[in-house]
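In order, the protein sequences belong to chains A and B. For the first sequence, the working numbering begins at 1 and goes up steadily by one. For the second sequence, the working numbering begins at 1 and goes up steadily by one.
The calculated lysine-lysine pairs, modelled on DSS-like cross-linking and capped at a C-alpha distance of 30 Å, are: (1) A:Lys-296 to B:Lys-25; (2) A:Lys-68 to A:Lys-36; (3) B:Lys-28 to A:Lys-296; (4) A:Lys-36 to A:Lys-64; (5) B:Lys-25 to B:Lys-15; (6) B:Lys-15 to A:Lys-371; (7) A:Lys-78 to A:Lys-68; (8) A:Lys-36 to B:Lys-25; (9) B:Lys-15 to A:Lys-36; (10) B:Lys-6 to A:Lys-371; (11) A:Lys-296 to A:Lys-36; (12) A:Lys-138 to A:Lys-64; (13) B:Lys-22 to B:Lys-6; (14) A:Lys-36 to B:Lys-22; (15) A:Lys-138 to A:Lys-78; (16) A:Lys-68 to A:Lys-138; (17) A:Lys-64 to A:Lys-78; (18) B:Lys-22 to A:Lys-296; (19) B:Lys-28 to B:Lys-15; (20) A:Lys-36 to B:Lys-28.
Just so you know, these hints were derived from the structure itself, not from any lab. Being a predicted model, the structure only gives us computed values, none of them experimental.
Chain by chain, the residues:
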Amino acid sequence: MEQLLANPYVPPLILTAVIILVFPLIAGYIVLAERKVLADLQVRLGPMRVGPYGVLQPLADALKLMLKEDVIPSQSDKWIFWLAPVLSTFTALSAFAVLPLSDRFFVADVNIGILFILAMSSIGALGLILGGWSANSKYSLMGSLRAAAQMVSYEVPLGFATVTAIMCAGTLSMQGVIASQLERGVWGAFDNYGLMLIPTVLFIIAGTAETNRAPFDLPEAESELVAGFHTEYSGFRWALFFLAEYAAIVVISSLCVTLFFGGWLRPFPNVAALEMPLNTAFPAALFALIALGCSKGVFRQALAGFRLVMAALTGLFLLVAAAFALPAANELMIGLFWFGFKLAVMVYMFIWYRGTFPRFRYDQLMDVGWKWLIPISMFGLILNGVVQLFARG
Amino acid sequence: MASLIKTFLLTDLLKGLWTTFKNQKPSKVITEQYPLNRPPVAERYRGAPRLNTHPETSETLCISCNLCALACPEQLIVVTSERNPETKRKDLTTFTYDVSRCMFCGLCEDACPVDALELTQDFELATYTREGQIWDRQMLEEGPLPVRYTH
Numbered sequence: 001m002e003q004l005l006a007n008p009y010v011p012p013l014i015l016t017a018v019i020i021l022v023f024p025l026i027a028g029y030i031v032l033a034e035r036k037v038l039a040d041l042q043v044r045l046g047p048m049r050v051g052p053y054g055v056l057q058p059l060a061d062a063l064k065l066m067l068k069e070d071v072i073p074s075q076s077d078k079w080i081f082w083l084a085p086v087l088s089t090f091t092a093l094s095a096f097a098v099l100p101l102s103d104r105f106f107v108a109d110v111n112i113g114i115l116f117i118l119a120m121s122s123i124g125a126l127g128l129i130l131g132g133w134s135a136n137s138k139y140s141l142m143g144s145l146r147a148a149a150q151m152v153s154y155e156v157p158l159g160f161a162t163v164t165a166i167m168c169a170g171t172l173s174m175q176g177v178i179a180s181q182l183e184r185g186v187w188g189a190f191d192n193y194g195l196m197l198i199p200t201v202l203f204i205i206a207g208t209a210e211t212n213r214a215p216f217d218l219p220e221a222e223s224e225l226v227a228g229f230h231t232e233y234s235g236f237r238w239a240l241f242f243l244a245e246y247a248a249i250v251v252i253s254s255l256c257v258t259l260f261f262g263g264w265l266r267p268f269p270n271v272a273a274l275e276m277p278l279n280t281a282f283p284a285a286l287f288a289l290i291a292l293g294c295s296k297g298v299f300r301q302a303l304a305g306f307r308l309v310m311a312a313l314t315g316l317f318l319l320v321a322a323a324f325a326l327p328a329a330n331e332l333m334i335g336l337f338w339f340g341f342k343l344a345v346m347v348y349m350f351i352w353y354r355g356t357f358p359r360f361r362y363d364q365l366m367d368v369g370w371k372w373l374i375p376i377s378m379f380g381l382i383l384n385g386v387v388q389l390f391a392r393g
Numbered sequence: 001m002a003s004l005i006k007t008f009l010l011t012d013l014l015k016g017l018w019t020t021f022k023n024q025k026p027s028k029v030i031t032e033q034y035p036l037n038r039p040p041v042a043e044r045y046r047g048a049p050r051l052n053t054h055p056e057t058s059e060t061l062c063i064s065c066n067l068c069a070l071a072c073p074e075q076l077i078v079v080t081s082e083r084n085p086e087t088k089r090k091d092l093t094t095f096t097y098d099v100s101r102c103m104f105c106g107l108c109e110d111a112c113p114v115d116a117l118e119l120t121q122d123f124e125l126a127t128y129t130r131e132g133q134i135w136d137r138q139m140l141e142e143g144p145l146p147v148r149y150t151h
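The following block holds chain B by itself, in its conformation from the complex (with noise of 0.2 Å):
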């Protein structure tokens, strides 16, 4: 007799409306509006790659030594480097890195001897283009710069 009251009054669907009902509350939605927020990336999320040069010099850090180039699985790093007659030093002429084939391994980053390439949390990699996938030396040291969009 109870529940057949309780199903006359509507009680579930009352109950129900007030359960929507309460828990619209703004400091709940979780939805990020991205262009403008970005998400927070996990610490050890692995990124876009960077070519570190000196803090005071801006010299790059790279040394030529094509370590990161024979560790890469997909064979995707190519290092070219000169004799400097002087120091008797190797030096850095170009660096291409592949990110369209890249998996992001961070066997590259392990492999270096002078933490001169890391992989950095910059996830935006979209390019309009094939070939922009290919980054030089000039990129991997500035860094991807994607348009802003503001709306």
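In isolation and in its complexed conformation, chain A is listed as follows (with noise of 0.2 Å):
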């Protein structure tokens, strides 16, 4: 086992198999997650029936559409809109092998992994836009056009943001970037006297842009056009498209994090003294604050079978909040859950604006793109290089 271990091919492949196996279940608790805020914002309650307040509903979902019949419209172009799917999976899952999602827990650091990430979102564009073209459908043939020009017009601003981050970082490597943020005290969002805001901001409004969501979900606008690019799909290659949408958000804001908010770093990891409250007694209060939450479910519900999956859940974050205290468990989790709680708080910050902003229109998104985003983001870029020049000598 250990000699096993020690082949550098053996863990990346291992941690390979696991994000794939495990992703589809994160991606669906995530929409549940989705449903459950979203209905909080507007003062609905959500998912309540499948599992106590729905937390089986994720798998129910999974289900229904593994079990639904797999319709090809008669006059698509059959091997492409078999392709589309596949390539959007494809292309947002390998974005993972660059995450990096703790100090250990990685599947590559390599010197070009921002430019892969930023590659491999552009390739799953492609997959929108020939699963469009393929149904045969006026409405996905909309959707996909929607979508390939609002993702050239946005990949530029992120691409602006992104290269004020590496310029500040001065590396492309993933962990390079942390490790720079570590080696500088400071969180790349307030980098360069807090000049690093601005591309910062721009980052998660062109990224939003970039994942086509809400404000920005005009390729699938449901009052307009059905459901877009994916309106011909249905079953299994749909849930195929829910999972590279949904890879993609965490995808985009795992770069986010990495870039400007330290990765897998704790919040002022050059304060030795916040080493015992932050890395032991924040997560362990907070997975014990989450169990007491659920022990509370054990009594309220009425059914035998809800009050048994509430105690499990109970007992589960029990065990996380005692792992945590734990400090061999600790230090190897540590990472993993910084950027874990880093990446769920930009994930809720991408539900909360769906469930603020109304969708734009067509014009007034290529108006902020090009005539803001734009500008805005080269004058960060030009900026920021000058204040560093002179800052750093």
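Got two chains here, separate frames each, mind docking them using the hints?
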């Protein structure tokens, strides 16, 4: 076993398998979180029927999607229709290869990490375009054309914001970016006397547009285009598009967390006094609090089965909380915890935008992209460059 | 100038985000978990018909006067009775009420001289067959018994 793990190819392969197997479940639970948070923002309840408070809803949804009939429209270009969701999912999942999940959990730390992610997400757009084109439906085609135009427009400010962050960090490697933030003792977002906030905000806005999320969800605008590029897709193929969309959200959020919010570093990584409260007390208290919340559900649920599920969840979260109190387990998981925590905040923000902002009109979308975001991002790049030149010599 | 700075600091967007965020309170949720929590209906709501019985003897209050059937604009009530030779009164034999044609106008309960026929606040009237909508005397006295799904 020791010998096997020492082989440089084995741990990344194991991690790859784990990511591919576990990510669909995580995506399902992000969907549940989205439905629940959106319901909160709109003063509704959200899913409440499948399992206590709807906690088993993702499993039921997955089962339903797998059992659905596989429909391919007769007038479609069948080969491309088959290829499009595969392409989307493949590119979205391969971008995970360079994500620095923690200081010891990552598939690969390559010196072109950020470039790789940007390249993969650009090819992912091709999946949407092919999907819309091959279905031979007007709505799909309109949706995919919009997707193409939007992605081309917003890739530019996203690129400029990324370039600014790379310039600040001085490396393209994801782990290198985090190491430089540790070395400089400040998150990327607040570097250069706070001027890095400009690319941070731009990155979040352009990233929302890049992942086709509200308020930039024109490619799948329900009220105008039925469902946009995936109108003709159903069942498992549709699930693959869905998976790709949520993978893209996670990848963009991870990129944002890595470039601007310190990746797997805890807040204030250079202040030694905060080591105990932030690395041990905070995660343990957080999971204990979640367990407490779940334990309330044990008494509030009427059905015995639901009580059992809530009790199991309580036990699980208590176990995680206890694990964070153990030094050995803590050291293993703390990087993963902070990365996941920051990622969760980012994903929450995405859902929060969706619950707040109305959708842009198409000309407004182009207006914001070309007339505002691109000039501001160029300005931010030059400003940060000049400041960096004089501040760092 | 001030408005330009406001635009650049995205104050409107942040204000919107704050508005949605502060409105999420469990106490404000108005969703009803229908089969679990039944909604209260208005006091004067007219729903499922009921043929009242005497609370102690559980004999029907209906005197088979047929006034409800005459009052009904849809003519969906059929009352049959037999003359009891001892008491010289009409005894109710059958009472059918076709709920599928009923518009719940309440004229029958107004016509009833002994408050035997009454439109209750029960609103779960769905059945699996058309025939199920024609209520006989027993069903009118007991009221509808919809399946109570827990989930």
